[in-house]
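Chemist: Since the structure of chain X is already known, use the hints to place chain L on it.
Which chain is which? The protein sequence lines are X and L, in order. With the numbering used here, the residue at position 350 of the first sequence is 350, and numbering never jumps. With the numbering used here, the residue at position 6 of the second sequence is 1006, and numbering never jumps.
No wet-lab data here; the hints were simulated from the structure. Beta carbons: idealized from backbone N, C-alpha and C, even for Gly. Honestly, I wouldn't trust all of these hints.
Stated by the list, open to error - Pairwise CB distance ranges (calculated):
no. : chain 1 : residue 1 : chain 2 : residue 2 : range
1   : L       : VAL1027   : X       : PHE251    : 55 to 65 Å
2   : L       : ILE1015   : X       : LYS337    : 30 to 40 Å
3   : L       : LEU1021   : X       : GLY294    : 52 to 62 Å
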Amino acid sequence: MADSRTASKRYMYKIQRVVDIQQKIIYFLLSVIFAFGLTYLLVNPALDKAQVYVMFLLFLAIGLWITEAVPPFTVGLLIFGFLVFALGGYYHEIDPANSAKYVQKYVQTWSNSVIWLMLGGFFMAEAMQKVGLDRTIFKLTISKFGSKPRYVLLGIMLVTAVFSMIMSNTATTAMMIAAVLPFINTLDTDAPFSKALLIGIPAAASLGGMGTIIGSPPNAIAVEALNSHGIAFGFLEWMMVAFPIAIILVFIFWLFLINKYVPKVSTIDLGFLKEVDENSNSRIFMLKKRFVLGVLLLTLVLWLTGNIHGIPASAVSLLPIMLLTMFRIVSSDDVRKLPWDTLMLVAGGLSLGLAIKETGLAEYYVNLIRDYNLNFYALVVVFSLLTVILSNFMSNTATATILIPIAIILVSSNQVVLPLVIGLSASAALFLPISTPPNAIAFSTGKLEQKDFRFGGIVAGLVGPVIIIAIVLLLMVLI
Amino acid sequence: MNISTENVGEAKHKIEKQRKLIILLSVVILSFTILYLL
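Chain X extracted, bound-state conformation:
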């Protein structure tokens, strides 16, 4: 009996797999047709072959990112392959001697400064998790917020936001939810405080990710776009603009949360935070923790004072990589577990952005739109809302990759504003469980329904762009 049940389960699993794989193939083919169709409609004799190839690639990438026929990072790799193959062939026809030189720049995004910056961040995040520094800081800080539920929620959200400025939003959410889940399990399924926590943590991780260049990949894409247009924008400059935005948005989100989910209890017991790791009291473990904290602080200080000592942020990233591996905090096994797929996605995205810019494709279409004399502020609002809408359905990195190269050429003055607004707005998309990996983690606890995310999604999607635009414009006037 049990055998036949296992066999039937296996059979069902097999059928499900066939349906899923065939669905992906259909989505892939539809994406190719979508790209062919749109390119055919938009192509005209004024465009050269390279521009047509890049246009096709752009539409293909959009199709694949939306349908998720292949994982987002695979699209990143596809971008490299396509650019080398198609543009390489095209340039070989025109200038065979130098064709490699034309294509090299599209592959060099692998060693772009923002990639190094992100890699340094990954090493630090891995080390923090490995020695439990993240949990220690969380427990130490949260106890300062008292025992009233609303302030505990604020504390957890602020700590999540600050962590996600250094660590990936996903890792931060996973750590925070794992820490509060024992407490949530003691509450009723429909307890307002449990919902507030499970919605607040992923939201704080996404919004907090705006705070630094390494906090979220769209930030890196925005900075690289600015740098490639000759606008120097470093770690400190980004933090000066984005840190206040991140904190204000987390605070506003918290206000909305405590008004919608009024806690039933007046105080909560923070005893659930007291369970200790077996290793945490050993001397070597404490030393390791302090060492990682030291490396973290040193790296942050060097990143923030780049204007004084002149060492590029990407070079500073080598410091945590060297020190953490030299002292065996991060081993080669840990390096294998780093989110390399994120780097592939960002590097591919940067290449696509570069190709749109270098082939003159963006400029061609922007010149057509420019004739309509679009209002700058209207453009900022439109791009911000468009970013939030697209990011809700597809990867926020992909959204930033597509919109930033177009936006930066669209305006002749205040070129800093649009990339910043788009890069930041990409982190304000929280409407669906699939909108961001942090939302997906909270959803996977099984304690939230899909509709629970809508409230936060609407708040972040409407208030986010307003605050982002207001502060970016205000700071641009002041600086």
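Modeler: What follows is chain L alone, placed relative to chain X:
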């Protein structure tokens, strides 16, 4: 589509439909490519 013992027949039918669609879409892409090359 979540497959259970109740809808195995329906799932098999869906697989067949998907296969036909894949062939159709492949033919469309092939035609596009041939048109482009010509």
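Chemist: Sort out which numbered hints this structure fails and list those numbers smallest first.
Modeler: When the structure is compared with the hints, none of them turns out to be violated.
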